[in-house]
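Participant: Take a look at the letters that make up each chain.
Number of protein chains: 2
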Amino acid sequence: MSAAPKGNGARAARTRGPVHVIGAGLLGASVGLGLRERGIDVTLEDLSPTTVALAADYGAGRVRTAADPAPAIVIVATPPDVAADAVERALTSFPSAVVTDVTSVKLAPLLELTRRGVDLTNYVGSHPMAGRERGGAIMARADLFVARPWVICRDEATPAEALTLVEGVALDLGGVLIEMTPEEHDRSVGLVSHLPQVVSSLLAARLVPATEQAIGLAGGGLRDTTRIAASDPELWMQILGANREPVVELLDAFGADIAAFADALRDPAQTGAKRRIADLLAAGNRGVGRIPGKHGSSERFTTITVLIDDTPGQLGLLLTELGELGINMEDLRLEHSPGAQIGFAEIAVLPEVAERAITDLVERGWRTL
Amino acid sequence: MSAAPKGNGARAARTRGPVHVIGAGLLGASVGLGLRERGIDVTLEDLSPTTVALAADYGAGRVRTAADPAPAIVIVATPPDVAADAVERALTSFPSAVVTDVTSVKLAPLLELTRRGVDLTNYVGSHPMAGRERGGAIMARADLFVARPWVICRDEATPAEALTLVEGVALDLGGVLIEMTPEEHDRSVGLVSHLPQVVSSLLAARLVPATEQAIGLAGGGLRDTTRIAASDPELWMQILGANREPVVELLDAFGADIAAFADALRDPAQTGAKRRIADLLAAGNRGVGRIPGKHGSSERFTTITVLIDDTPGQLGLLLTELGELGINMEDLRLEHSPGAQIGFAEIAVLPEVAERAITDLVERGWRTL
Chain A
1 MSAAPKGNGA RAARTRGPVH VIGAGLLGAS VGLGLRERGI DVTLEDLSPT TVALAADYGA
61 GRVRTAADPA PAIVIVATPP DVAADAVERA LTSFPSAVVT DVTSVKLAPL LELTRRGVDL
121 TNYVGSHPMA GRERGGAIMA RADLFVARPW VICRDEATPA EALTLVEGVA LDLGGVLIEM
181 TPEEHDRSVG LVSHLPQVVS SLLAARLVPA TEQAIGLAGG GLRDTTRIAA SDPELWMQIL
241 GANREPVVEL LDAFGADIAA FADALRDPAQ TGAKRRIADL LAAGNRGVGR IPGKHGSSER
301 FTTITVLIDD TPGQLGLLLT ELGELGINME DLRLEHSPGA QIGFAEIAVL PEVAERAITD
361 LVERGWRTL
Chain B
1 MSAAPKGNGA RAARTRGPVH VIGAGLLGAS VGLGLRERGI DVTLEDLSPT TVALAADYGA
61 GRVRTAADPA PAIVIVATPP DVAADAVERA LTSFPSAVVT DVTSVKLAPL LELTRRGVDL
121 TNYVGSHPMA GRERGGAIMA RADLFVARPW VICRDEATPA EALTLVEGVA LDLGGVLIEM
181 TPEEHDRSVG LVSHLPQVVS SLLAARLVPA TEQAIGLAGG GLRDTTRIAA SDPELWMQIL
241 GANREPVVEL LDAFGADIAA FADALRDPAQ TGAKRRIADL LAAGNRGVGR IPGKHGSSER
301 FTTITVLIDD TPGQLGLLLT ELGELGINME DLRLEHSPGA QIGFAEIAVL PEVAERAITD
361 LVERGWRTL
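Note that the protein sequences, when read in sequence, are chains A and B.
The opening residue of the first sequence carries number 1 in our numbering; numbering runs sequentially from there.
The opening residue of the second sequence carries number 1 in our numbering; numbering runs sequentially from there.
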């Protein structure tokens, strides 16, 4: 095996430094780590001397001093409630730099900056869809953004060079560019991020008064649904407060679904009650099937199930042969029982190659279901 | 693959056979696989000849014939809505056997059997807290119950020998015994299993009308909170219908929390609104902190995440190299974002080999998270 880096490490960096990062928490320090790994000069600042020193110690960049040259790009990675302040200050302090931010809400800071009359020519808002339950530079990682969507909110006034600079940073960090308006972004994250956060937190909150006995029966379902309830309440108060309208609308609709479900279950004799319950559960199946990278129920791919001996070599051989056959695997899931002699590889492929894949695999001696 | 029993096979089995399993789906076939691994004779029956033949093919037992001797214990693993029927029939057909069931609701079938005047001396209800999103013998595994709580509902009339027999099966399958009344059980699973299921399903249902753009921003939080929304609606209609009262009460309370949260967010100027939001989010932190064993989705294995180029050859290479390194992969999941060049292989291994696996993989040039 060669020592060359696997993945995207080999391509030349797009970003030209120096890059200045304001806010050295999880996101800021991860940006720094990722860019430094690509050989880009990164300077850091943070209101907390301890935080910035910690991030520098982890290799996320060096603490910026007055002697440093002006940055080509400034990345604001502060908490949401001070993001507009930090962006305004960066635009004023570094008039030649392009300024972006990675705040998880995009409309509120933009409206605030506009209200203040700040010249936003050099500002391009962005939001990498990456995070962890715990924040801080201590949790930072260079690959935090790899393969994650990175939303860029441009408008007609955004200069092409400014856009290119911000996109370059996102691409250098491994992100997948997605262009949206601030309104589209905020509604979208309201649905896929903020609503699940509130739902998970309130579900977990129901466990506070539970008996030890009940908690003792917890399984994987409860663990998964409540995992993000461990997130920082203060950060989430800021995010939810900055995205109030879409989140309230979503919570109202979700609450109405909960009430409708409870009513149908309460009085199963009423006309259509069973049907309403079944419809909502089936809608859940369809909804989860729409999530990309979600196993099992994707409508875009056909799943082929191949029987394999329950040994690691067998699966490697199967995948190698799929490669030889030129069959592109879109997803894979392994099922095996330690008590059974056989396992199953569930391989998702494009519908148009499914039939040929099965024929070719069977010809090579594989058993399919 | 050696024929020697794995896992807890070294201890002598407590269960004396033959054991008869009624219902050869996920739970029934897993019971069969696990008991057979301990050398216990298992017979199977199912309304569907295809299902029972499939379970027998997997090694979960042999199809019961009229020539078979009477079983010492009968395990009913049918869908909930026919569990009471199956228990009654088993008690009548095998008067010398102890009968248990693994139905996920315990009060409703007991009340139904009592209403019918069935002699329940030889019946001990039980419920192993184990399952998977997808059912069927094809998903069965011998270790499904290992380290999972197994609730036993005895009452004063339960003979000691009957209790010992049922507990023996649970222990032989690796379960952790927990004694509860049917009422305690149903309230507990309402909270830790049924409420999360409805919440997850209704959250996922909100994704049905979402734009592609919004869905494209989905991350790990949404995936985790909606994972169990992929569960079988028909099975869940039966479970929820059989545990109506506790679930409706929990849904009402949860719905009230959602409404209170939405109201506080809607009108942040009202007195105490911010405090109410903070309190609910903080309660979520405390609630999730109460869940035992909250690390990763499986307690038995450690998950290693390896970055791979999004091409079939890369994954095959990774698995081949794992085989060369002598690292046994217990489970594998592939995650990749559409449009990204990079995917993630999540590989479950035994905790004791995880560190070596990471070191060896990194040495060979792989990037791990």
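Each hint should be verified, as a subset may be incorrect.
Reference listing, derived: stretches of chain B covered by chain A, where coverage requires no fewer than 3 residues with Cβ under 8 Å from a Cβ of chain A [claimed, not checked]:
hint, segment
1, 12-25
2, 76-88
3, 111-120
4, 157-169
5, 256-269
Listing some non-contacts, in silico: residues in chain B with all C-beta distances to chain A over 12 Å [as the list claims (entries may be wrong)]:
hint, residue
6, 92
7, 205
8, 282
9, 358
It should be emphasised that the hints constitute simulated quantities derived from the structure, not laboratory data.
Heads up, the beta-carbon is just placed ideally off N, CA and C, and yes, glycines get one too.
Participant: So, for every hint listed, does it hold in this structure?
Facilitator: Here is how each hint holds up against the structure:
1. 12-25: Our answer is that it is violated, as 0 residues pass the Cβ test (under 8 Å) against chain A, missing three.
2. 76-88: Answer violated; 0 residues pass the 8 Å Cβ test.
3. 111-120: violated (count 0)
4. 157-169: Since three or more residues must qualify, the claim that chain A covers the segment 157-169 of chain B is violated, with 0 doing so at under 8 Å.
5. 256-269: holds (count 8)
6. 92: holds (29 Å)
7. 205: Since the minimum Cβ distance to chain A is about 4 Å, residue 205(B) lies within 12 Å and the statement is violated.
8. 282: Given that some Cβ of chain A is not farther than 12 Å from that of residue 282(B), nearest at about 5 Å, it is violated.
9. 358: holds (14 Å)
Hints 1, 2, 3, 4, 7 and 8, counting from the list given before, are not met by this structure.
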